[in-house]
Amino acid sequence: MAARTLFEKIWDSHLVATPAGRSPILYIDLHLVHEVTSPQAFDGLRATGRRVRQTARTVATVDHNVPTEPRGTPITDEIAARQIAALQANCEEFGVRLFDMDSPEQGIVHVIGPELGLTQPGMTIVCGDSHTSTHGAFGSLAFGIGTSEVEHVLATQCLAQQKPKTMKIDVRGRLPEGVTAKDLALGIIGQIGTDGAMGHVIEYAGEAVRGLSMEGRMTLCNMSIEAGARAGMVAPDETTFAYVRGRRFAPAEWEKAVSQWRDLPSDWDAAFDKVVEIDAAQLSPFVTWGTNPGMVAPVTGRVPDLSALRESERRAAELALQYMGLEPGKRIQEIGIDRVFIGSCTNSRIEDLRAAARVARGHRVASKVRALVVPGSQTVKRAAETEGLHQIFLDAGFEWRESGCSMCLGMNPDILQPGERCASTSNRNFEGRQGRGGRTHLVSPMMAAAAAIAGHFTDVREWKFR
Amino acid sequence: MKPFRIHHGRAAPLDRVNVDTDQIIPKQFLKRIEKTGFGQFLFYDWRFGADGKKTGQFVLDDPRYAGASVLVAGKNFGCGSSREHAVWALADFGFRAVISSSFADIFANNSTKNGFLTVRLSEEETAELMRRAREIDGHELTIDLEKCEVRDDRGFRAKFTIDEFVRHCLLNGLDDIGLTLQHEAEIAAYEAKHPAPAGIRG
Ligand code: SF4
Chain A
211 MAARTLFEKI WDSHLVATPA GRSPILYIDL HLVHEVTSPQ AFDGLRATGR
261 RVRQTARTVA TVDHNVPTEP RGTPITDEIA ARQIAALQAN CEEFGVRLFD
311 MDSPEQGIVH VIGPELGLTQ PGMTIVCGDS HTSTHGAFGS LAFGIGTSEV
361 EHVLATQCLA QQKPKTMKID VRGRLPEGVT AKDLALGIIG QIGTDGAMGH
411 VIEYAGEAVR GLSMEGRMTL CNMSIEAGAR AGMVAPDETT FAYVRGRRFA
461 PAEWEKAVSQ WRDLPSDWDA AFDKVVEIDA AQLSPFVTWG TNPGMVAPVT
511 GRVPDLSALR ESERRAAELA LQYMGLEPGK RIQEIGIDRV FIGSCTNSRI
561 EDLRAAARVA RGHRVASKVR ALVVPGSQTV KRAAETEGLH QIFLDAGFEW
611 RESGCSMCLG MNPDILQPGE RCASTSNRNF EGRQGRGGRT HLVSPMMAAA
661 AAIAGHFTDV REWKFR
Chain B
155 MKPFRIHHGR AAPLDRVNVD TDQIIPKQFL KRIEKTGFGQ FLFYDWRFGA
205 DGKKTGQFVL DDPRYAGASV LVAGKNFGCG SSREHAVWAL ADFGFRAVIS
255 SSFADIFANN STKNGFLTVR LSEEETAELM RRAREIDGHE LTIDLEKCEV
305 RDDRGFRAKF TIDEFVRHCL LNGLDDIGLT LQHEAEIAAY EAKHPAPAGI
355 RG
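Residue numbers (my numbering), protein chains in the order written: chain A, 211 to 676; chain B, 155 to 356.
Hint data in this document are derived by calculation from the structure and do not stem from the laboratory. Among the hints, a few may not be true.
Label pairs and their in silico Cβ distance ranges [what the hints assert, rightly or not]: (1) B:L325 - A:A299: 10 to 20 Å; (2) A:E303 - B:R305: 45 to 55 Å; (3) B:Q211 - A:R671: 37 to 47 Å; (4) B:H162 - A:G665: 52 to 62 Å; (5) A:I289 - B:P157: 30 to 40 Å; (6) B:G269 - A:D447: 19 to 29 Å; (7) A:D447 - B:D215: 47 to 57 Å; (8) A:G665 - B:I160: 55 to 65 Å; (9) B:A343 - A:S313: 31 to 41 Å.
DSS-like cross-link-like pairs, simulated, lysine-lysine; straight-line CA separation at most 30 Å [stated by the list, open to error]: (10) A:K674 - A:K578; (11) B:K313 - A:K484; (12) A:K466 - B:K347; (13) B:K189 - A:K373; (14) B:K229 - B:K347; (15) B:K347 - A:K375; (16) B:K301 - A:K373; (17) A:K219 - A:K375.
Model, not experiment: these values are computed from the prediction. The beta carbon of each residue, even a glycine, is placed where N, CA and C say it ideally should be.
The following block holds chain A by itself, in its conformation from the complex:
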């Protein structure tokens, strides 16, 4: 057989039908559901008298608009409460397993999938959420879909899909100390642009990627969508198997599963439609200065000078700086902040919290800064509390919250006020994303913690750890 990429192997093995003149029909192994993009899909099923075809492949949770105050506090936002109630009723009616508000395993959908061992190599995984690309870290084909497609998958366990192109991002060398998976992701988007991978599925490869933990790989794949990619993936290896092993929904026939997973990586001579090379040694901690994740500078750098930009980029940069309240040429480390958010499906896992806590230990959050730590799931929260991370954060003056999406998109009460500037470990710095008029700078968890303490961005490579 001709040499194939990881993506092509998964694609081929999930084709149910390839009707002439139509999009191929792909089988979906795992469908994750949350409260925001599903109510209209369940309505559609009801209207057409359809059922959920495979409740054994469908898992739901609430994350986007759950409050991060202590559980049991009533939800004051009536419409949010209605949406959460709608998911509860829909799961009940259609027999879908729900990890609800009060579940010890509730959390951000992209955090709990891997954590529960639901996410496995070789799978096709979809969710009505663009950051579904996160699950590609396991060597699965995982992508976000809209509500009509959610209904489609609920009803048929399949999707009609046009085949995307493939792109390999080869990260040569090792990441320098203090440079994390988040910085790698931002560095890539800064280089290829927010539409650089449009229409493609990215496979991340190379020494630096192999060297990442599963959590780092999830951070990297999570941000694929910000480069316009359909999905991002990393070939499964021993690191992957060790992570999945023993988790609640890991395969019962373990050895058999692993031996199949070993066949997944791209053949050495497989061809990609596009190849990009990144030199890991050139990367540094990054901070975004604009209103999309591609507007990024090294922490030691400056907000760009508009005259240095290409004509086509200048107008967008001008609008972005206006919105962000920044002058061209300003040093990144001179940008002061008001808020810090450590959380989101990009950076809310236990390793992220450990990294942030290591920076925060023995320091105090700057007096003018309000800083929030929101674990990605109840499981992460418990683990952090067992290790005493929460105490480090609390002693340093951070708030310690319940799990959810929180200030990543501000659908719950955690939002920025107009003009407030935030160092955030999330994935989108779009206008108003964290609250109308709010100004978001994307950074790694270590950089966010350091900024909280310094009151402005600072180079974590020079941090005094205590």
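Using the hints, position chain B with the ligand against chain A.
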């Protein structure tokens, strides 16, 4: 789904690149559990001040573009979140199509499920339409999905390409789910070979 064959309507220019779905429909409006009623919130943060009053500064509130049904926008339109609410909001506001030189994948996908057309033209063609929409009062465009062509009555004519199957569904207003279910036998055969894991079902 409402079929899309030939649409004729007023064009409105949105001269911005990377218009993301957070701008198209901000998150505070995603909590509705219906598909309708999103149009009033379209581009909310650009159209309304912090006090909830219309600023009148946004292009769609310019009386010259009242009743526009074709949006002409910069590249990478619809990037960001997968929210289909973005398409529902555009459609509910009265748009039937967006013309741009590129679209984010999920947005383009969501559009087709709602009888809403994303038309990809070259950067030059898009820029030309942007110019005409700005300079010509009441400029109208015809989007012809039968011929895969955009034209006006002043000599503009451009071809676009679209996936054949997607076009077929749009032309005929076909329900995707029904089409997939025509393959019930193949789905069942696949499932017989790949049984669902035990343990997930509640
Ligand atoms: S954490 Fe943010 S990006 Fe992730 S699923 Fe929630 S809202 Fe989306």
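Evaluated hints:
1. B:L325 - A:A299: 10 to 20 Å: 37 Å, violated
2. A:E303 - B:R305: 45 to 55 Å: 49 Å, holds
3. B:Q211 - A:R671: 37 to 47 Å: Cβ of Q211 of chain B to Cβ of R671 of chain A: about 44 Å, so the range 37 to 47 Å holds.
4. B:H162 - A:G665: 52 to 62 Å: At roughly 57 Å between Cβ atoms, G665 of chain A and H162 of chain B fall inside 52 to 62 Å, so the hint holds.
5. A:I289 - B:P157: 30 to 40 Å: Holds, at about 33 Å.
6. B:G269 - A:D447: 19 to 29 Å: For G269 of chain B and D447 of chain A the Cβ distance comes to about 45 Å; the hint is violated.
7. A:D447 - B:D215: 47 to 57 Å: This hint holds: roughly 55 Å between Cβ atoms.
8. A:G665 - B:I160: 55 to 65 Å: 59 Å, holds
9. B:A343 - A:S313: 31 to 41 Å: With Cβ atoms ~36 Å apart, the hint holds.
10. A:K674 - A:K578: 21 Å, holds
11. B:K313 - A:K484: Distance of about 27 Å is within 30 Å: holds.
12. A:K466 - B:K347: 16 Å, holds
13. B:K189 - A:K373: Holds, at roughly 28 Å.
14. B:K229 - B:K347: 43 Å, violated
15. B:K347 - A:K375: Given pair K347 of chain B, K375 of chain A holds - Cα atoms ~28 Å apart, limit 30 Å.
16. B:K301 - A:K373: 25 Å, holds
17. A:K219 - A:K375: Holds. K219 of chain A to K375 of chain A sits at ~13 Å (cutoff 30 Å).
Hint compliance for this structure: hints 1, 6, 14 are broken, all remaining hints hold.
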